[in-house]
Amino acid sequence: MVEIMVLPPARRMVLWGDTAVADRAGAAFGLALPHQPCRAVEAGTRAALWLGPGEWLLLGPDGDDPPLAPALADLPHSLVEISDGFAALALHGPGAARALSAGCPLDLHEAAFPVGMVTRTVLGRIGITLWRRAAAEWRLEVPRSHAAYAEDFLAEATRGMPGF
Amino acid sequence: MIGASRQEGMMQRLLVGRMFQGRLVPDSMRTEAGGRIDRARDLRFRFDGVDYLGCEGDTLASALLANGIHLVGRSFKYHRPRGILSAGAEEPNALVTLRRDGGRTTPNLRATQIELYEGLEATSQNRWPSLSTDFGALASLAAPLLPAGFFYKTMLGPRGWKLWHRLFEPLLRRGAGLGHAPTQPDPDRYARYHDHCDVLIVGAGPAGLAAALAAGREGQRVILCDEQAEPGGTLLTEIRALVDGIPAREFLARSLAELSAMPNVRVMPRTTAFGLYPHNHAGLAERVTDHLAAPGQDLPRERLWQIRAARVVLATGAIERPLLFPNNDRPGVMLAGAARDYLLRYGVKVGNHVVIATACDSAYLTALDLAAAGVEVKVVLDLRSSAEGPLPEAVRKAGIPILTGGRVLGTHLRRLRLDSVLLGRADGRTRWFDCDALLVSNGHTPTAHLAAHARAPMHWNDTWGAFLPGSIEGVASIGACAGATTLAEALAQGAALFAAVPPPVEAELPIAPAPGTLQGAETGCVFVDLQNDVTAQDIRMAVGEGFRSVEHVKRYTAGGLGTDQGKTGNMALFALTAAASGLAPAQVGTTTFRPPYTPVTFGTLAGPARGDLFDPVRTTPLHDKAVAEAAVFEDVGPWKRARYFPRKGETMHEAVAREVAATRATAGMFDASTLGKIEVMGPDAAEFLNRLYVNALTGLKPGSCRYAVMLSEAGFVMDDGIVARLAENHFHVTTTTGGAARVLHHMEDYRQTEWPDLRVWLTSTTEHWAVIALQGPKAREILIPLCEADISALPHMAVRDLTIAGAPARLMRVSFTGELGFEVNVPARHAPPLWDALRARLAAIGGTLYGTEAMHVMRAEKGYIIIGQETDGTVTPGDLGLPEGRAKPDFVGKRSLTRPDMLLPDRRQLVGLLTENPAVMLEEGAQLVTEASPPPGTPALGHVTSAYHSPALGRSIALALLAGGRTRLGQRLFVAGPRGGIAVTVAPPVFLDPEGARLHG
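Line by line, the protein sequences give chains A and B.
Throughout the first sequence, residue numbering follows the working numbering, covering 306 to 469 in sequence.
Throughout the second sequence, residue numbering follows the working numbering, covering -8 to 992 in sequence.
It is possible that some hints are incorrect.
[As the list claims (entries may be wrong)] Pairwise CB distance ranges (calculated):
| id | chain 1 | residue 1 | chain 2 | residue 2 | range |
| --- | --- | --- | --- | --- | --- |
| 1 | A | A395 | B | D792 | 28 to 36 Å |
| 2 | B | E209 | A | P419 | 19 to 27 Å |
| 3 | A | T324 | B | S887 | 18 to 26 Å |
Hint data in this document are derived by calculation from the structure and do not stem from the laboratory.
As the structure is a prediction and not an experimental result, all values here were calculated from the model.
Cβ atoms here follow ideal geometry from the backbone N, Cα and C, with glycine treated the same way.
Could you put the whole structure together from the sequences, leaning on the hints where they help?
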């Protein structure tokens, strides 16, 4: 009912800046950065996740090196690589939202947490970034040292899980 | 045939029950037909060592009653024999211990809520050696000596006798109480889930069901929970009314089928809403496996549901109240509504010859239904002066005599079972009636617990003789708990919440619950709270002794405490308190309703948070390397850090001494990955940091680092670290391991709320970078060959980005040991190979790995502080001898540093301490005084903050915070200890290389 997968390493960058920075970065990154709060945009192997006002998490495949720094050189901004600071988990299946609800107090119903929504929240005792990529597909960005806890927590949550 | 004699101890060892065609059959109190049990499925169970048969669908209580068993427990204080009073969650008496296996033993479960399963094993509680022969019952002989407040009075015995500790407490702990807690770990799993809905409906009786149907048809997300195995509430026993043109029980089945077909509605049976918290946050406990004979491995025993609902609808019904009369606690005295439930739901006659005593109409239904089932109803005693209306009429028509205006004057017990009752008529005549059950009703109390949790106001209602909950935003009460008295009214209230039309009801007779006022005799041994053995006399005495608030009466008498929280007794407690105080009940009010409504297991509240999931453990990217080197770890907050690396046979002291000596002689390597790291970027980054730290940072050159101290607004040191300027607009800041999150929040707070005009942004990189510290005179020699840039001239406090051993690295020349040293930052994935490369060179050169303990020793030798050790939230930079930022116009905390208290000359200042006997180690936290044996009450001059054996000095050293410390250098003081004062000399806090020659190597 739920499949929990540890995803391979990825390129992660946190970008801070104003609209001009977002637009310039989007052009260099190959996708328009979302301006709507708590929304993620995907194109090909890259994704941009809105984390806060003027703050985005840019995801790409491991080793990806988009020409962001040169594109932003003359604009006030912050661009910091955090690739190794996080691990990603994927949850697939109709029971994924229920498994997440074991540790996440947010309303995960599709009406309240639609496809494309992303937010920082908690899973049990740890902080995560939660992104709904499809109705039954979620991606969790978990601090590296908490990844084992997240995996164990979700595995426990799926044992004897109710079907609703 | 079952008889009272069965309950005698000797007989209990025999197998009870008739043999029919070679097998046990349920006993004779079962009706021929009817009820909602599956008669084809016999279940064998054991109670107090005797085997019985029940049916699928029974509760333990109904199965015991089917076997003629009323006596199920002994009371808390007087060990009086007690029977089953109710059929639900309100049960005060029938508490049993259920045992599956060693760890699966649960005490104090209500037999009325335990679903029967094959092989169920239950034992009664609070009796020795057996239920029928209980020596504890001798306590009842001493009843006059054990009044309310007994505990408090005995505690006030003559001083010095210590009667409480020596005599009473051990005695009471043995004699009083309920079941025993299991001694083995709980082997079951428990789960916890969050959920949200538009409407949470508590109680699946007619009102709740009508609300669920209406809300569900509207498309709202609905959760309908009910504590019972079967939803339906009073509809389960509604045998007369037609709803929507069909019998009520068919309407129930049809409604449940409709609800289960709605994807937006979830019906949760066996789920108790035990608490309602602020903002419509409800706690639900779902019992998943307790009713299963073989639960299997995967299912949790219970699930905790934390529900956030836009709207909460409480349809929790009402609880029938017992009558007050002398010896009203006998086995065989039962609530009239419960007797009807047992008959109609479980096909059980609770007696063959019963007397009914009531102060309200609903008990007449019991009379009619029992009579129809062949039970002899000898008489209905109505405490009210007249009994008119359709229900009493129907009872009269059935040939059952009614006595109005009477009283129950007493009961008689034979073989621990009621065998007759003494009734008094209005004209004063009395008469004994033989009977095997006395069914009582004193009206109903609306179940307002959850509404009260949510702070709904409680309004006294004369008709009900009870408090009814008012409504509050987002929480509605409907049905009997809101004062509805008929099925039609309950359905209408549920539908009306969602502007729906209720189904029409045709009822032959009005239905239960019917309201009534609290009546009954009050003299003699009249029990108000059965579970805690509180009598009417106790309450009068409490009021007589000066207790006025009902909350105080509750605590003094223990009325309303215990597992049932006074569900059947509280209204009588309030009413009697009011009567004794000469007040109206509305003036007395209620005690506070607190969650949980019924007891919740610890397991359910703990959920999965046990073992590895209790608290997440954080490990560094180099953890496996340290494990491979046989490191001993210590917990630093959530982190596991290598404390020292003992060689075979080494003690910690020896290992640490070796690690320190080798590091100072050649080089040492240390995993510093847990340090917090924050990247600060933007055109105003330097200005931002300059405002946050005491130290001047605007002038810091790119490529340079500075040690910096951060203050709280109060001017006290909150964190320290290295600020490294990578470029004009780009800083890498380190924090303490424990302060990482706190410092980031502090910075974000100022960035967002105080200085939103600054163009600066913060990103935590704590987990991205692993940090390997390389310290010691040969550190540079080890590092140089691995660097793809020349670092030979890199000065102390410099930072460079370069490639080291093929990894993109950020190299800082910094030291926390006093030696020439480096901290190599690399992305986490590159840390293990870099560690291996450095480890090989380290070994070749005779260096060592060192852990946090050696790190602590080396920093203390240099007088470097540790946040949380030399600081405790009351220490200023001046106290520590650190720069105070006098030249800077402003920074966070600066203004506080000029408060008069901050300028006192006798503030505690950081100093070193040297014991006169160099072998003696001081205790961290020990107090500093001027005399070896100061008189008690002598104020301390300060305390020891750090104490170690220093390998470099070959003696013990210590750091301390000492009043006016810097003016006391050279003074002889004492450190108080259990074996007298230890003489010390005050010294500067830097013990080694005060000039820093080693550092700049």
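Practice item. Against the structure, test the hints numbered earlier, and report the numbers of the ones violated in rising order. Key: The structure breaks only hint 3.
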